[in-house]
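These protein sequence lines are chains P, G, L and Y, in that order.
The working numbering puts the first residue of the first sequence at 99, with every later residue one more than the last.
The working numbering puts the first residue of the second sequence at 99, with every later residue one more than the last.
The working numbering puts the first residue of the third sequence at 99, with every later residue one more than the last.
The working numbering puts the first residue of the fourth sequence at 99, with every later residue one more than the last.
These are calculated hints, taken from the structure and not from any lab test.
All C-beta atoms in this analysis are idealised placements derived from N, C-alpha and C, irrespective of residue type, glycine included.
Hints may be right or wrong, so weigh each one.
Claimed, not checked - Listed below are the simulated EDC-like cross-link pairs for lysine to aspartate or glutamate, each with C-alpha atoms no more than 20 angstroms apart in a straight line: (1) P:K232 with P:E250; (2) P:K397 with G:D344; (3) P:K130 with P:E154; (4) Y:K181 with L:E258; (5) L:K181 with Y:E147; (6) P:K231 with P:E281; (7) Y:K226 with Y:D282; (8) P:K155 with P:D135; (9) P:K113 with P:E323; (10) P:K277 with Y:E258; (11) G:K181 with P:D135; (12) P:K181 with G:E380; (13) Y:K226 with Y:E281; (14) Y:K397 with L:E323; (15) L:K177 with Y:E201; (16) Y:K277 with P:E258; (17) G:K226 with G:E281; (18) P:K368 with P:E323; (19) P:K177 with G:D344; (20) G:K156 with G:E250; (21) G:K173 with G:E323; (22) G:K277 with L:E258; (23) P:K381 with G:E201; (24) L:K381 with Y:E201; (25) Y:K397 with Y:E201; (26) Y:K113 with Y:D135; (27) G:K397 with P:E323.
Stated by the list, open to error - If you want the footprint, here are the derived chain P segments under chain Y, 3+ residues with CB under 8 angstroms: (28) 193 to 203; (29) 252 to 266; (30) 269 to 278.
4 protein chains.
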Amino acid sequence: MNYQSILNEIQNEIKPLFKQGQVANYIPALAKANPNDFAMSLITLDGEEYNIGSYEKKFSIQSISKVFTFTLALKNYSKELYKRVGHEPSGDPFNSLVQLEYENGIPRNPFINAGAIATTDTLLSLYKDDTFKKVLEFIKETSMQDDIIFNENIYHSELEHGFRNLALINLMKSFKNIKNNTEDVIQTYFKQCSIMMNTKQLAKSMLYLANHGINPKNNERLINESQAKRINSLMLTCGHYDASGDFAYRVGLPGKSGVGGGIVAIVPKKMAISVYSPKLNEKGNSLIGTKALELFTTKTGLSIF
Amino acid sequence: MNYQSILNEIQNEIKPLFKQGQVANYIPALAKANPNDFAMSLITLDGEEYNIGSYEKKFSIQSISKVFTFTLALKNYSKELYKRVGHEPSGDPFNSLVQLEYENGIPRNPFINAGAIATTDTLLSLYKDDTFKKVLEFIKETSMQDDIIFNENIYHSELEHGFRNLALINLMKSFKNIKNNTEDVIQTYFKQCSIMMNTKQLAKSMLYLANHGINPKNNERLINESQAKRINSLMLTCGHYDASGDFAYRVGLPGKSGVGGGIVAIVPKKMAISVYSPKLNEKGNSLIGTKALELFTTKTGLSIF
Amino acid sequence: MNYQSILNEIQNEIKPLFKQGQVANYIPALAKANPNDFAMSLITLDGEEYNIGSYEKKFSIQSISKVFTFTLALKNYSKELYKRVGHEPSGDPFNSLVQLEYENGIPRNPFINAGAIATTDTLLSLYKDDTFKKVLEFIKETSMQDDIIFNENIYHSELEHGFRNLALINLMKSFKNIKNNTEDVIQTYFKQCSIMMNTKQLAKSMLYLANHGINPKNNERLINESQAKRINSLMLTCGHYDASGDFAYRVGLPGKSGVGGGIVAIVPKKMAISVYSPKLNEKGNSLIGTKALELFTTKTGLSIF
Amino acid sequence: MNYQSILNEIQNEIKPLFKQGQVANYIPALAKANPNDFAMSLITLDGEEYNIGSYEKKFSIQSISKVFTFTLALKNYSKELYKRVGHEPSGDPFNSLVQLEYENGIPRNPFINAGAIATTDTLLSLYKDDTFKKVLEFIKETSMQDDIIFNENIYHSELEHGFRNLALINLMKSFKNIKNNTEDVIQTYFKQCSIMMNTKQLAKSMLYLANHGINPKNNERLINESQAKRINSLMLTCGHYDASGDFAYRVGLPGKSGVGGGIVAIVPKKMAISVYSPKLNEKGNSLIGTKALELFTTKTGLSIF
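With the rest of the complex left out, here is chain P (with noise of 0.2 angstroms):
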C-alpha cells in the first residue's frame, strides 16, 4: 500500500475541519498551541517511515505518557498493580470522582487519571527520587531518541491549576491507595504530563506494542506478549475517555489520546501511528488526530475488527 500518498490525501480531506474544536485552555501554556498545525506520522515494524505536516513540532503528550507509566509498572508490579487499579471502561469524564468514591478509591483503569496517578505512585514506591527520570529513561528507550524532555513551562502551569487531580489523590489516599507524599505524587505526575514529544516520536516509542512487548529496533523484550496485547486491550476500551467506544467505533484501532492534541494508534503486528492537532472535540481528545485516524482505517482497511 502507497501509505505517503493514504497520508496525502487525509491533509486533504481534513482541511475543511480547522474551523471545528477548541484548544485545551485549561491552563495557558497549553492554549498557546498553533491551531492550525497537523503532523502525522507512520512507523511499520520493518522500520518503514511516514510523515507529513509538522512532524518534527514537539507537543506536549500529556495523558499519551500513561501508556508509558503503565508498562513501565506491569513490569513491575503485575499482580498488586491488578488489585489497584482495575480494567474496566468507566464511562465517567477522564477527571471524575464519582465511581472512584461509589468504588473505595480503586481507579476503573490506568488511562483515566486517577488511574495513572495511582500508576505512577507505584513507581514513586519502587524508584523514589529517580522516578521521574526512569520514566524519561524508558522512553528514550522505547523511541531511541536522546531528547525527550519536558517542558516545565507547561509543568508549573499544570500544577498551578491541578486542583482536581490533587482531589483524586487526597480521595484515594483516604482509601490507602496512593502510599507516596501527595507533592510527590502530582509533580512525578505533572512532570510526565509535560514531556514534548513530535508524532515521530511518539510513533516509534509505542512500536513495542504493535510487536508484542519487543523493540524492533534492538529486538530488546521490554514486555511480555500477553502484558502488550493487554495494554493494546486497555487503549482499545479505555483510551479515549468517555468516547473510548466512539474512538472504537469508528477508527477500529488501540489508541491513546492526549489533551496537547496527540494521538497515538497500534496496527497489532503491523505499525504506529501518531496524529497531532491540538483542536479538540467536546470529550477532549484531537477532533482532526481523531478524524485523520478513521480516514486512515476506512482508506486501507487496517482496523482490528
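Following the hints, position chains G, L and Y against chain P.
Frame of chain P; chains G, L and Y shown alone:
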C-alpha cells in the same frame, strides 16, 4: 493449527472450574440447566468445523440475540438508530436505570438491556406484527439452519419476572425513546431472548461478522463492511456488560455473552467460535466459557491485539 | 392577631409575582388551570376560619393526597411500613429512579412518588378493591365534607402519561417492594392524585395534624400523638421534594405541596393553612403559594423555629 | 415541669444502650474517649439550669462547630453566602464528593463537611490570620465562658488523616468555590473541629438560637430573628447528615451532632439542651445522645411538631 486438539486441551484444562460459578436463577426455567454441560464450536470462513462437548444441545441464547436484532436494525435504520442508542461502554450492570435517567432515556449501547429493547422497538416500527418472525428468519438465514425456535416455557417465565425490563421500557417511554406498545415491546424482546440454539448453530450464525458482512456460505452480503466492523467493535467494548474490559483484556476478541451460559466470539477474517457452559461468574457471564476462550487465544495467539 | 387583614395584605403583596412561574403542563388536563387563580384559607383549632380569593374553587390536590394515604397506612401498619418506606429527605427530584436502584427499591420517604406508591400498595393489600373508596372516606372524615370526588378527566390524562410512575412501580416490583397488581396500584395512585378540593376543605382536612392526631371538630382521635408529630416532621423535611430545605428555610412550617398548585401547611397546636395558585416554580411547587406562606410566617411570627 | 427528674429518668433508661455503638476511631485522639461517659445539660432562656452525668467534662465538639461558623458567616455575608452554600438536605454521607461534583462545587448545605469548609473559607477572606481567633471569641461570647480552647493533639491527629477533607477542598477549588490557601482552610477547619466544650457550655452557647438571635444573658443581638430561625431550620433538615430525617422524626427538635459524641438541640423560645456520649450509631451520630433527646421530647412533649 490443529484446532481439534486445542479444543481437547481446553476441555481438559477447564475441568477444575466446574465447582465455581452459579447457574442463572432469576427464572426457574433457566435454573434447570445442567451445570456440568460444556460445548465449544469453531467454524472457519473456509467451512472447517471443530466441535467438542455437548455441541448439539440447544440452550437459551438470551443476550446473544442482541447482536442479531442490532444487525437487522442497523441495516434498516443506520443514522436514526444512532440517535436512539449510543455506542459507549456503560460501566454499569446490564439492567441499570441510573445512566438512563441521567442521559434522558438514551441507552449507552445496544448490548445493555435498555439498548437492546430500544433496538427491538425500532424493528417493531418497521415490521409490526411480523417482527419476531423477521428476527427468526434472519437468524435462520445467517445460520443456514431451519430449526431455530424459541422456548415457550422460558419466554413465559421471563415475562412473569420481567419487572426490571418493564421499568426500563417505561422510563424510556417517559423520554419518548420507545414508540410502540409496552406489551408488544416486552413480548418481542423476551421471545428473542428465549431463542434456542446450540454452539454449532451459533458459531455458524455469526460468520458474517468475521467476514466483513458477507455470509461465507452463500456469499450474500447482509450488511456493509463498515457496519460489520462496527458491530465487532461494539462487541469488544460492550459485549459483556461491566466485565467488557475484562473480557477484552483476557480474551482479546469481540464477543457477546448471554445469561443462559452461551458466548460467541469473532476472529475477524478467520472464524467464529461459540462456547456454552451455564454456570456464571459474578458479572453474569459464563465462567467456564470465558476461561475457555481465554485459553483459546493464549494457545492460538489469535487475539486481535 | 387579625388574620383576615394579614390575608388581605398577602393577596396584595403577591400580585407582582403572577408573571412568574409556569402551570404544570405534563398533562393537558392540568395545563388548563387558570394561571391567575389565587386562594388562601386558614382554620384554627377553635374553628375560626379566614379565607381569601377563589377559596371555593376546587383543584386537583395531586401530591397532597400522599399525606392522607400515609396517615391511613401508618394507622394500620406502623412498623412494617417503616421497612418498606424510609423517612429521610432524598435530595433528588420527586420522580427519580436513581436512589431507588441504589437502595434496593426502598423509597427514601413517603412523599416522593415512589414512597407514596409503596404506601398506596400497603393500603391495597388491606382494603383490596375498596382502597380508593377508603381513601376518599378518610378525607371526607378528616375534612367533614361530603362532596370530595376525583376528576375523571385528570385521572385518565395521568394514566396516559404515567410512564415514569410505571417505571417506579416496576423497579420496586423487581425488588419485591410492591405486592399488588401494577394496574391496581397505578390506578389507585392516580385516582388519589386526581381528587379535587378547595383551599377551605384542604385546610379543614389537615387540622388533625395540627391537633396531635385528634380531629378538633368532633374530638375523634385518628392517629396517636407521636404519629401526628412524625407526619409533621416528614412534611417539614420531605414535603417539597428537592426544595424541602428551602421551604423549611423560608416558611418554617411543615407542609405538603402538589403539582396542581396547592400547598397545605400546619402550625402545630394552632391551625392549618391552605393556599392555591397553579403557576409552579422550577422545583414543581406553587410559586405564589410558597411566597404567600413565607409572607404569612414573616407577618405572624408563627414559624415553628 | 420537673426537668431534673426527667434528666434522672433519662439517665436510667439509656443504661442498657451502652453496649451498642462504637466510639469514632478514624483518628487515635478521638478513639481514646471513655465509652461510658454520659452527660446532659438543659438551660432555659430564664437561666434555669439542669445537668446530669459528667457535664463538666470537655469533649471535642467537632461538627457542632459548624453552627458557630455559619452564624458568623451569615452575619457578615448573607446573600453572597447563599450562592456558595445551599440549604437543602443532601441525602448523602457527611463527606461525600458525588453531589459536589454533579453540582459544580456548590455544597448542598453548611452542615456537611464541604459546606462547613466553604463557610470557613468565607471567614478567612474576612478575618485573614485572625479567623480562628474570631471563631473562638464568638463562642466565648455566646457561651459567656472564657476557657474555650482547642485540643492540639486532636487537631494534629485530624490534620494527619484529613485526606477526604483535602479532596473536598481541592474539588471546590477546581470550581473556584474556595478562595483561600488550602493549608489555611484545612488548618482553620480542623482547629474549629478540635474545640473542647462540656455540655453546660454547649447548651449555654446555643441559647441565642432558642432566643431568636439575642443572647438572653446580656440581651445582645447576635443575628436577626429571621437568621436565627433559618439556622434552626437548617439544623432540623440537615443537622445530622443522612440521618437528619430520622432525628427530626424521632426527636422533633433542631439539633446538630458531632462525631466526638456531642449533640446540641434547641427548643425555640424555651431552652437549649446538650448531650454527650461518645459511642456513635452507624450514621456517625451519638447513639445514646440521640436516644436521650428522643426520650426528652417524648416525656416533655417539647417537640416543635
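Verification of the supplied hints:
no., hint, verdict
1, P:K232 with P:E250, "holds, 18 angstroms"
2, P:K397 with G:D344, "violated, 31 angstroms"
3, P:K130 with P:E154, "holds, 18 angstroms"
4, Y:K181 with L:E258, "violated, 40 angstroms"
5, L:K181 with Y:E147, "violated, 40 angstroms"
6, P:K231 with P:E281, "holds, 17 angstroms"
7, Y:K226 with Y:D282, "holds, 9 angstroms"
8, P:K155 with P:D135, "holds, 9 angstroms"
9, P:K113 with P:E323, "violated, 39 angstroms"
10, P:K277 with Y:E258, "holds, 14 angstroms"
11, G:K181 with P:D135, "violated, 32 angstroms"
12, P:K181 with G:E380, "holds, 17 angstroms"
13, Y:K226 with Y:E281, "holds, 13 angstroms"
14, Y:K397 with L:E323, "holds, 12 angstroms"
15, L:K177 with Y:E201, "violated, 36 angstroms"
16, Y:K277 with P:E258, "holds, 14 angstroms"
17, G:K226 with G:E281, "holds, 13 angstroms"
18, P:K368 with P:E323, "holds, 15 angstroms"
19, P:K177 with G:D344, "holds, 14 angstroms"
20, G:K156 with G:E250, "holds, 14 angstroms"
21, G:K173 with G:E323, "holds, 12 angstroms"
22, G:K277 with L:E258, "holds, 14 angstroms"
23, P:K381 with G:E201, "holds, 16 angstroms"
24, L:K381 with Y:E201, "holds, 16 angstroms"
25, Y:K397 with Y:E201, "violated, 42 angstroms"
26, Y:K113 with Y:D135, "holds, 11 angstroms"
27, G:K397 with P:E323, "holds, 12 angstroms"
28, 193 to 203, "holds (count 5)"
29, 252 to 266, "holds (count 5)"
30, 269 to 278, "holds (count 3)"
Violation of the numbered hints given earlier is confined to hints 2, 4, 5, 9, 11, 15, 25; the remaining hints are satisfied by the structure.
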